[in-house]
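Undergrad: Each protein sequence line maps, in turn, to chains A and B. For the first sequence, my numbering assigns the number 877 to the last residue and increments by one with no breaks. For the second sequence, my numbering assigns the number 993 to the last residue and increments by one with no breaks.
All clues stand as given, with none of them false.
Label pairs and their in silico Cβ distance ranges:
#, chain 1, residue 1, chain 2, residue 2, range
1, A, 21, B, 956, 15 to 23 Å
2, A, 94, B, 958, 55 to 63 Å
3, B, 969, A, 297, 50 to 58 Å
4, A, 21, B, 982, 38 to 46 Å
5, B, 947, A, 21, 17 to 25 Å
6, A, 37, B, 894, 22 to 30 Å
7, B, 947, A, 347, 52 to 60 Å
8, B, 977, A, 39, 36 to 44 Å
9, B, 977, A, 80, 36 to 44 Å
10, A, 77, B, 982, 30 to 38 Å
Below 30 Å or equal to it, Euclidean Cα-Cα: the simulated DSS-like pairs (lysine-lysine) are:
#, chain 1, residue 1, chain 2, residue 2
11, B, 943, A, 390
12, B, 901, B, 943
13, B, 970, A, 4
I should point out that these hints are in silico values taken from the structure, not numbers from a laboratory. Idealized CB from N, CA, C, for every residue including glycine.
Here is what each chain is made of, one letter per residue.
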Amino acid sequence: MRIKELGRRFVMMLRRGKLDGELEEEMRLHMDLRADEHSERGVISEDARAMAQRQFGNATLLREQSHDAWGWAWIDRLFVDVRLAARHLRSAPGFMALTVFILALGIGATTAIFSAVNAILFESLPYPNASRIVTIWEISGEGARNDGTFGMYRGLAERSRSLDSLAVLKPWQPTMTSAGEPERFEGQLVSAAYFRVLGVRPLLGRDFTSADDRLNGPNVVILSNKLWRRRFNADPAIVGRDVTLDGNNYSIIGVMPQGFENILATGADAWGPLQYDMSQGRAWGHHLRTIGRLRPGVGIDQAARELARLAHQIVNEQHPETYGRDFEVKLFSLQADITRGVKPTLLVIAGAVGLVLIVACVNVTNLLLARGVRRRPEFALRIALGAGRKRLMWQLLTESLFLAVMGGVAGMAVAWTGVRALVALSPPGLPRTADIVLNGPVFAFGLAVTTLVGFVFGLVPALQISSSPHRDIQDGSPRTTGAQRRTRSALVIAEVALAFVLMVSSGLLLRSLQHWFAVDTGFDASHLLTMQVQTSGRRFRENAATYKFFEDALEAVRHLPGVTAAALTSQLPLSGDSDVYGVHFESSPVQTSMEDHSAFRYAVSPGYVETMRIPLRRGRLLDDRDRTGAPLTALINESYANRNFPRIDPIGQRLRIGPPNGPLYTIVGVVGDVKQVSLGLNRADSVYVTPSQWRFADNAMSLVIRTHGDPAALAAAVRTAVWSVDKDQPVVRIATMSDLVIATAAERRFALILFEAFAMATLILAAAGIYGVLTGNVAERTREFGVRTALGASRGNIVGLVVRQGAVLTGSGVVVGLLGAAVAGSAIAAMLFGVSRLDPVTYAGVIVILCCVSVLACLVPAWRVARIDPANTLRSE
Amino acid sequence: MSERNEIPERDEIPPGTLYMLILKTLVRSGELHGYEIANSIQSTSRDVLQVEEGSLYPALQRMLIKGWVTAEWGVTSGNRRARYYRITRLGRKQLTTEVLQFDRVIGAIQRVLQAN
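When you get a sec, could you build the whole thing from the sequences and use the hints?
TA: Here's what the structure looks like:
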């Protein structure tokens, strides 16, 4: 029944205009009929009409009562309130501008951060049933995440019943020389089911089949939509045409659709079949990414249990000897996997921006309270004229909502700018940045925040109106009561506390970053230019050709003016390279499963260790003696040597790299530890050999060049020197080593920049809060101060009163903030590096800064107090 | 002043009884428009009860919302458009409740007045 009544009310609201007309007509008919009746009795027509009207009553009032009955009188009142609010706010443009500005910052920053968090963490990936796509990892006994192996992939693909499809992939950078200028692009070599796992079919042509993905299978390639448009003018007849990639003919079999987003390698423009070569003995090397699609109805845990069981079965049956037995198989949803690294950071940033929003609200509440005090006479008048308290509360709420909406609109502009800044600042590891936009959900969020904010900061002044005794309002004096003063002080203390929390958090992040960059890389990163030189083309199938090309290129670079030393390495520290091999020391042939003997394998030209300035600890470095045919030699790093040869001299010991039946290398030297993966990881076990003593030629080598002056200035000359040897070979990833070092902290810097901005904003707001409260108090207590001065208080005493109040506000804020900061410290613990979350230096520094700022905020009010002339103030009241 | 004398002496209807009067009138007469309802109440009360005629309309609107009456546009004998009201089942139930309540109150008041 109630529901039906609501329905009728709703219908009436929608048909408001029509109903109005109908009611009007009905009432007119009534009066006409009554007037006719009077006329028939002989009353002259004007009188008859007047009589009818009198009998009818107050038509306007009755119409209003009918509107009330329809249930939308509140709309009319709302309009009145909004008009009133607009008029009030227009009369205080400074107040309005300040409020809207603060709200716009708060709402805008929150919305911008939300747009990122939403796009990255919550929006599902752009694939059908994306939640069923999983990545599969092997977690070693010591907890490291290992890439998949081809052997494991093949075994799981044959046996698993919980997966629809399974694929492995690795990066590919083919150079295209067929159409126009030679160009190298990003791509992926994938097993046949890759696109089926993602659930996306090519727009043109066909997907890979298992016939494509076998050793010596056909050279086929699928292109991205972008590449197809850019290089082939979106030719609809492209399928079946040939392109030359790395000197070989490839047949184009498909083009991906336009909206296809390749999450695992966003820049990929070409896909080729993996055509894995089992004969190279790498089938059990961890260098492939594995993804799969769960069968409908199969849970991720269920699949994980099955795959774990199968994986151990496979390893036991096929007993690859380098494969550790102590590992776990873990499945992650693709979404969780790509956001794994950034999720904690993003959530912490979202929390921080929430604090900023709270501080903005608190600040605006305080402004409204101060204004409410000044508007007391107005309220007294309105109550005297018969306005109800409820009505006044509604009016105040309307005003704050009105402010919030304006702040929200301006906030959207802030958010729009903020989103751009976020994307520009975003670290390379941040996935899906292209999807960070102001879309429907983000606007809805902004609207929700705006409304919430309006209610929150509107409620306090409104409640004050309703709770203060009548005579307080009605005496109309624009003075604060004790309760109001306490409310305002409490709000300021809250602001100071929140500012303290954010400042401590960003201080801790700053100190972490300092510690991060203070980490010893193990080499000298200054004046070092790096770039990767790759070989592309058929002639490099011969190892000798590859060695020759790299040697010639290195020689050309070494002769450049400004170059003091140069060398080549198969993997460059801190560049993202990670080439790990199992290592067996001859002295300890029996491997315990607990001990991990894998190490980074570097194929380096003689002179590499010298160029990098990695210290030599024992023995000798690699040099030109260590060539093909000469006894096999290797260097290992210090901590690795100490761990494996705690009592004997490592020099002269022998080891095998890769398969246990491989050749033995003799250790000729021990060098210092180097950070390979990250400054934060201590994994440094390394083996260095010369390229010509390695069993195959690496087809991509990094140049490291020590320079006299600015290393970046030499980049073009070095590239030209490489091209003077062979102009068709791509040179990529040009960067100075210092840039690479800085890039290792990209996410930390991103978080730090945001935290610093947030902390700065809240600090300013808190200072403004202190200033506001003190100024207000000074203005109200002018008379009191006058009396005190007249009674003999010195200027110093009176200024002391004001400063003491400021100190109490700041001090209380800091005390509350200490608790908050301790909590916040544990929230950001994962982002800290080399710093305790209760780092006393940070805490002390923040307290000092806060105190200085609060002293600044006290200065103006104190100065005003000092200038009070007792005679004037006493006369003025 | 002269007009007032032509209108017979009337009493305001007791507060809260307007719905009941309207509902009862509709039960008796079926379908009426506002003017007819006002006239009907006045004439059946032998011109004693005076409805402030306009106040019928907010009341009728409220009753429409409550679902006690329905309304349909029709044409009067004078060939003018008018809204005709008709009581619903819900309205009849409401009438019963209100009449019972009214009887109870009146009875109580009378008992108070007749007590010695």
